[in-house]
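Hey, can you work out the whole structure from these sequences and the hints?
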Amino acid sequence: MIEVTHFTKRYGDFVAVDDLTLSIGAGEVFGFIGPNGAGKSTTIRFLATLLRPTSGEGKVAGKSVTKDPMGVRRVIGYMPDDFGVYDGMKVWEFLDFFAVAYEIPRTYRKKIIGQVLELLDLTHKRDDYVNGLSKGMKQRLCLAKTLVHDPPVLILDEPASGLDPRARLEMKALLNELRGMGKTILVSSHILSELADFCTSIGVIERGKLLAAGSIADITRQLRQHRVLKVRVIDDSAERAASILRDEENVKTVEVFDQTLTAEFHGHEDDLARLLGRLISAGIGVHSFSEDDLSLEEVFMMITKGIVN
Amino acid sequence: MILRDNPVLIRELLVNLRSPRAFLLQFVYVAFLGVMVYFAWPATEGQVSSGAAQRLFDLFFLGQFFLVALVAPTFAAGSITGEKERKTYEMLLASPLTPTSILVGKLLSSLTYLIILIVSSLPLIILCFLLGGILLSEIARAYLILILAAGTFGLLSLACSSYFGRTSSALVVSYLVILPLAILCVILTRTNDTVLRDFVSIAVLPPWCLTIWAVVVIALNRRLLRPPDVGSEGKEVVDEEQEMKYAIGVVIDRDLFPDKLFAPAKRTDLMPDGTNPVLDKELRSEIFSQGTLMLRVVIQVSMILSIPLMAVLLFLRPENAAYYVSYVLTFNMLVGPVFSAGSITQERERQTLNLLLTTLLRPGKIVFAKLIAALRVSTVLTFLLTEQLFLAYILIPELRDRWWTLIIYLAIIATTCLATSTIGLFCSAISRKTSVAMILTYMTLLFLFVGPVGLRWYLQGFAGGISEDRLSAFTVTSPFSSAFSIPMKSSQYSTNEQTTGSLVMRLIPGINLPVWAVFLLGYPPFCLILFGCTYVAFRYRWWRAGGT
Chain B
1 MIEVTHFTKR
11 YGDFVAVDDL
21 TLSIGAGEVF
31 GFIGPNGAGK
41 STTIRFLATL
51 LRPTSGEGKV
61 AGKSVTKDPM
71 GVRRVIGYMP
81 DDFGVYDGMK
91 VWEFLDFFAV
101 AYEIPRTYRK
111 KIIGQVLELL
121 DLTHKRDDYV
131 NGLSKGMKQR
141 LCLAKTLVHD
151 PPVLILDEPA
161 SGLDPRARLE
171 MKALLNELRG
181 MGKTILVSSH
191 ILSELADFCT
201 SIGVIERGKL
211 LAAGSIADIT
221 RQLRQHRVLK
231 VRVIDDSAER
241 AASILRDEEN
251 VKTVEVFDQT
261 LTAEFHGHED
271 DLARLLGRLI
281 SAGIGVHSFS
291 EDDLSLEEVF
301 MMITKGIVN
Chain L
1001 MILRDNPVLI
1011 RELLVNLRSP
1021 RAFLLQFVYV
1031 AFLGVMVYFA
1041 WPATEGQVSS
1051 GAAQRLFDLF
1061 FLGQFFLVAL
1071 VAPTFAAGSI
1081 TGEKERKTYE
1091 MLLASPLTPT
1101 SILVGKLLSS
1111 LTYLIILIVS
1121 SLPLIILCFL
1131 LGGILLSEIA
1141 RAYLILILAA
1151 GTFGLLSLAC
1161 SSYFGRTSSA
1171 LVVSYLVILP
1181 LAILCVILTR
1191 TNDTVLRDFV
1201 SIAVLPPWCL
1211 TIWAVVVIAL
1221 NRRLLRPPDV
1231 GSEGKEVVDE
1241 EQEMKYAIGV
1251 VIDRDLFPDK
1261 LFAPAKRTDL
1271 MPDGTNPVLD
1281 KELRSEIFSQ
1291 GTLMLRVVIQ
1301 VSMILSIPLM
1311 AVLLFLRPEN
1321 AAYYVSYVLT
1331 FNMLVGPVFS
1341 AGSITQERER
1351 QTLNLLLTTL
1361 LRPGKIVFAK
1371 LIAALRVSTV
1381 LTFLLTEQLF
1391 LAYILIPELR
1401 DRWWTLIIYL
1411 AIIATTCLAT
1421 STIGLFCSAI
1431 SRKTSVAMIL
1441 TYMTLLFLFV
1451 GPVGLRWYLQ
1461 GFAGGISEDR
1471 LSAFTVTSPF
1481 SSAFSIPMKS
1491 SQYSTNEQTT
1501 GSLVMRLIPG
1511 INLPVWAVFL
1521 LGYPPFCLIL
1531 FGCTYVAFRY
1541 RWWRAGGT
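Those protein sequence lines, which keep their order, are chains B and L. Mapping to the working numbering: the first sequence position 154 is 154, numbers consecutive. Mapping to the working numbering: the second sequence position 530 is 1530, numbers consecutive.
Keep in mind the hints are simulated off the structure, nothing from the lab. A couple of the hints might just be wrong.
One-sided and incomplete, this derived list gives chain B residues near chain L with beta-carbon spacing under 8 Å [to be verified]:
no.	residue
1	L50
2	P53
3	R106
4	K145
Have a look at the derived ranges for each label pair, beta carbon to beta carbon [unchecked claim]:
no.	chain 1	residue 1	chain 2	residue 2	range
5	L	P1227	B	P165	26 to 36 Å
6	L	Y1323	B	D127	43 to 53 Å
7	L	R1362	B	N176	29 to 39 Å
8	L	I1372	B	R106	39 to 49 Å
9	B	T8	L	D1255	24 to 34 Å
10	B	G114	L	R1362	22 to 32 Å
11	L	K1365	B	D121	24 to 34 Å
12	B	D127	L	V1119	48 to 58 Å
13	L	I1187	B	R106	55 to 65 Å
We treat Cβ as the ideally placed atom computed from N, Cα and C, and that holds for glycine.
In structure tokens form, the structure reads like this:
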């Protein structure tokens, strides 16, 4: 549904996005993750036909972003990360404005506006002025605006940023509902856990480069090569255990804190079993020997580590 | 604290004065004045005409006075609203800075550049002094008036800036407050009675200006100390009905004529199919989004001003009708750009442009709607002032006999409305910020409308050098000279060929067209071309590329 091939955007010497290629299938919910300034918004603005690429091409629903922007605009609903609202307009007028701008005939408009207001739980705000709405309400209103023309693809740039925890949960529930409606969603965030629950796949971007992309399970599997090992020993054998671990070829770093050793381990499960055997045969009292489960934040940190440091 | 370590002042001065643009502009300004002096300079001692230096000096003074009246508000009116728009207003107020140091910082920073420009013209004026015919005291007097005017206009604009939420509203109200003061000041200091002139400039203006300064500073101090508009940063929802209840003077009722011409009532139901949503939004929602205060002030001030002008220029001396028309034209020149010069840049500044650009609206539709909305509001407001013209033409036989001149006057006013809106929109399409677009628009209008009149006056100084036809040809871009090219004194028109000769230009050999005809024929195609340029600029700068 969304294809980006070799997209590069330069501002003078600064490379905002460097040779990004990515593909999102129909019905997928793709989480685009990266720290602030990584190039998420640049990619999203490119897909929303708002940015001319330095090179590369993008396609949404088979339509070229650069050659057929009108076609793309017809099939996407775009929500910018930062947006304003028109002053002096009521909620229904705001939606009517965009519905007319999307060329929806009057007979359908009444129904559609009622539906999106219902979906986003804004019906009671119908006659309120948009500039008087709270941030969370405005965010929902903007999402309502992206839905008036019922686009199959939604491109949402940080839809939950700046919202309180409750509004965040509501936004999540909304996105889940939209996923249930079969929409292809590209959603960006700098907080991974925010996306983890409902994304079918994620892409991690930093400094303009796509570091990893695929389903969350896939990415975690790739990272299985980089296990974090936690070993707890009894009495004062911690230093001895550390030297054994350091001897091991598969172990990269070892940190000792009191009686707990944390090691970065690159290898398979049988290597782990062998390592445990070595520790025990060396007479070290192993109290526990376990692999740390990677949280999504840690996955993210690991992917971006080399570059962040 | 107020002057030396004032962070507001230092920051603004750094930002404004260290840019290469500031140096370039000053260079261009001084070079331009230098060229004027150079050409007016007599080749040999014998040729000095006594009036040449005086004329040059007058031109310098009036030109700079215009500059002050026009530029001081553009800088000052945006200084507090700019903080509100950038959402830094509350941070500033919450800082330990005293209101006075904020005020002084804002005022001086908006006026410093202007004062630098004025002072840099001093050496050239001194050169004119060497030509003879001007007293040194007269030069000192002129500069005193200019500095006083800059301070007064700047402070008044600052006051407007503090009262309004948007730069455009603050700017238009500042202009309207300043306009009568500027006219009064010019009249009082340009009379031929030297005693009166000196009396006014030394004994009347300075104390009055200082009084205005004191009152405004006290009011502003109070406002900054206990700001009523903090918390919402001027973004509160304005309830029209509530506001109408407490409105003083004119009340705008969107259901009644003529108010509904520029502010049609809000819709109660969905738009019909085929409506241009941008146009609908501009006219029905955006116009009153900041409340009706700005429009009410504009209408009231312009009306109040028009009454004495009507009495003097239309009823007592009907042959001066062109002066009244000039007032209407000046009003449009000041107010017109406010509705157009911000129309594209504001979408960007309020971050609604991206929402608009990703819809299926074509760039032509957007730009056209913006033009029509701006044109409609500015034209209706301007034509409210033509009621007095109609009245005079009906009541005064002298004018009634020349009824056709009314049609030409109205045509000139309408064409000017078109020109100000189109130029404003064009500047809005090529600028990134509303303030830049505004200044660019006013500079363009000054160049097209007022510049030629000044140039003509300057060139007349070269006695016999250039024929009247040629001189008129310079002024075809100015609606003011077009208005004055319409013959009003019937006796003069028929008997004195000399005078009418100056009102005609030979565009094509053999065909004489009066200046007003060239003006009326020339501007519509010019505006069409400019609209085309606006479309292209918008399409390729925003719609297609979405900015960078």
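Here is what the structure says about each hint:
1. L50: holds, 3 Å
2. P53: This hint is violated: P53/B lies away from chain L, its Cβ roughly 10 Å from the closest one there, beyond 8 Å.
3. R106: holds, 5 Å
4. K145: holds, 7 Å
5. P1227/L to P165/B: 26 to 36 Å: holds, 32 Å
6. Y1323/L to D127/B: 43 to 53 Å: Roughly 50 Å apart at Cβ, these two residues keep to the hinted range, so it holds.
7. R1362/L to N176/B: 29 to 39 Å: Taking Cβ atoms as reference, R1362/L and N176/B lie about 36 Å apart, which means the hint holds.
8. I1372/L to R106/B: 39 to 49 Å: violated, 22 Å
9. T8/B to D1255/L: 24 to 34 Å: Violated, at about 56 Å.
10. G114/B to R1362/L: 22 to 32 Å: holds, 28 Å
11. K1365/L to D121/B: 24 to 34 Å: holds, 33 Å
12. D127/B to V1119/L: 48 to 58 Å: Because 57 Å falls inside the window, the suggested range holds.
13. I1187/L to R106/B: 55 to 65 Å: holds, 57 Å
Consistency note: the structure conflicts with the earlier hints numbered 2, 8 and 9.
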